[in-house]
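Student: Each chain, letter by letter, is given below.
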Amino acid sequence: MATPPTRQSLLHLYSSMLRTSQSFSSYNFRQYFVRRTKSTFREIQNETDPAKLSAFYDEKTKELAALKRSAIVNQLYGGWRLVVEDQKPSKEKSNS
Amino acid sequence: MLSRVSSKAGKTVGRSALRSSVARLAVKESRRNIVQPSGADRASVVDVPSTYQEDNMLGFKLEMPRREGSVSEKARPIYLDMQATTPVDPRVLDAMLPYFTDQYGNPHSRTHAYGWEAEKAVEDARKHVADLIGADPKDIIFTSGATETNNMAIKGVARFHKDRKKHIITTQTEHKCVLDSCRKLQEEGFDVTYLPVQKNGIINLEDLEAAIRSDTSLVSIMTVNNETGVIQPMKEIGEIVRKHRGVYLHTDAAQAAGKIPLDVNELNVDLMSISGHKIYGPKGIGAAYVRRRPRVRLEPIMSGGGQERGLRSGTLPSTLVVGLGEAARLAKLEMARDHAHIKQLSDRLINGINAKVNHVVRNGDVDGYPGCVNLSFAYVEGESLLMALKDIALSSGSACTSASLEPSYVLRALGAAEDMAHSSLRFGMGRFTTEAEVDYVVEKIVAVVQRLRDMSPLWEMVQEGIDINAIDWAQH
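Residue numbers (UniProt numbering), protein chains in the order written: chain A, 1 to 96; chain B, 1 to 476.
Mixed in with the good hints, there may be bad ones.
To be clear about the criterion: a stretch of chain B counts as covered by chain A if any three or more of its residues have a C-beta under 8 angstroms from a C-beta of chain A, and this derived list gives those stretches [claimed, not checked]:
| hint | stretch |
| --- | --- |
| 1 | 149-155 |
| 2 | 369-377 |
| 3 | 427-436 |
Straight-line C-alpha distance at most 35 angstroms; calculated DSBU-like pairs for lysine-lysine [unchecked claim]:
| hint | chain 1 | residue 1 | chain 2 | residue 2 |
| --- | --- | --- | --- | --- |
| 4 | B | Lys162 | A | Lys62 |
| 5 | B | Lys243 | B | Lys162 |
| 6 | A | Lys52 | B | Lys343 |
| 7 | B | Lys162 | B | Lys138 |
If you want the ones that stay clear, here's a sample from chain A, every Cβ over 12 angstroms from chain B, calculated [what the hints assert, rightly or not]:
| hint | residue |
| --- | --- |
| 8 | Ser16 |
| 9 | Arg19 |
| 10 | Thr48 |
| 11 | Ala65 |
| 12 | Val84 |
Source of the hints: derived by calculation from the structure; they are not laboratory data.
Glycine included, each C-beta is placed from N, C-alpha and C at the ideal position.
Construct the entire structure; sequences and hints are all you get.
Tutor: Structure representation (structure tokens):
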């Protein structure tokens, strides 16, 4: 029986997943993964069963690795911003 | 600083006259140091020669990659056409990439490790697809997409049993590839019944029962309609078809798999079509479910090496198969979450539009798949609405027919009047659609519909209380 992950390690995993999700350059993917990370971790918030927590931790660690790779690929080929996003401020020509 | 002042003065007086003295002054009096860079005004800027053309640099074509951060920055429209295709989920792409790079083996090669690893990946993918629809992995056959699967199932079953059975049943609202396969079979001498649908898009089960004859070999009815989102009662249909021995049931589940729960054994379906790019997978891959017990026999369209139980010869595209498998796995995993999200978005869209625009009709059953909302805006022409909505990627019907201006045959089959069928828009929401996008779309639609109606003489007449259908148009 593996020891369940500590609350701290879960929180750490949560913050890395959120950070990785935020790093997607496509608006829709970024929003989706942020939303999904928040809701999956909220579901497990009050879970006390150590077996379930371990399984969750293992699964999410694997997912984090895939997410990190996906985010890099997405940044490489990231497109323009969508019309609903804040557009980049138009660059004014700086004098000197 | 003196240089700048004097050069400005020089500009006003006359450049050429003063240039030499200014230059001398600048060199002498302003000692440049590291904190004082020279301004752009000191550069000798000359006009381009009159022969210069913007798009032609000395005969070389300059093709700049149009990417983010480039000069011609532009905002992307919102994608609301998830019935046409869906974006590839980044996790799916991540699963596919190894097979695009290092693991390039042929899954049918049995003699080396490259083949074995590709074969294992294909079998894992087969398992994921089978799990999604509650089937056995051995029942799954990979094809190039739902169109090929539909062709294979309909033509295959009909041709295999052509000696004794000559009758096929389908509906009027099927996808083009089903209808066209049936038309082809009609040319070959088969008899096809196209069942009508009720006003809400659902077939009448008594009609179906009455249409089954002793020489019927196949019933083909789609689970979720691609234009209206209507869900057919497949369970009841399956029960009816199962009562008649020797009649097979095929369902086109391209829009249904991964979006609503499906179980081939519960539905009594013998053949099923699945498409990869409708479930956030890659394009160019699909799957067929062909039941083995009791065995469904069909004549293969492709002849060749006998891969995929001999039903679909040709090397499997292991990369795409892996993508479909991962997409199916994710679809099963995320189905409840996606469905709740899409339902919420769909309600938000419908309520938002209904609150501000009147004379809007929802086509098809209200209990259909929420990710496909087909709305008709009366007194507005659908194509002009699409043209005005530049910032939103929408469609008035299926992508296959979006090039023609003909009204949708699906809406006509539902009994929609010609003008309503012309003014329809299909909103397709999916996993990656956000609330902010839906709000933006509602705002735009409301504004554009109002503007187009203000221009429309028909709308004016309606406001004055003239019944448009009572007008005799041919009196000029």
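Student: Decide, hint by hint, whether the structure agrees.
Tutor: We went through each hint and held it up to the structure:
no.: 1; hint: 149-155; in the structure: violated (count 0)
no.: 2; hint: 369-377; in the structure: violated (count 0)
no.: 3; hint: 427-436; in the structure: holds (count 5)
no.: 4; hint: Lys162/B / Lys62/A; in the structure: violated (52 angstroms)
no.: 5; hint: Lys243/B / Lys162/B; in the structure: holds (21 angstroms)
no.: 6; hint: Lys52/A / Lys343/B; in the structure: holds (29 angstroms)
no.: 7; hint: Lys162/B / Lys138/B; in the structure: holds (26 angstroms)
no.: 8; hint: Ser16; in the structure: holds (16 angstroms)
no.: 9; hint: Arg19; in the structure: holds (16 angstroms)
no.: 10; hint: Thr48; in the structure: holds (23 angstroms)
no.: 11; hint: Ala65; in the structure: violated (9 angstroms)
no.: 12; hint: Val84; in the structure: violated (5 angstroms)
In summary, the structure is inconsistent with hints 1, 2, 4, 11 and 12 from the numbered list given earlier, while agreeing with the others.
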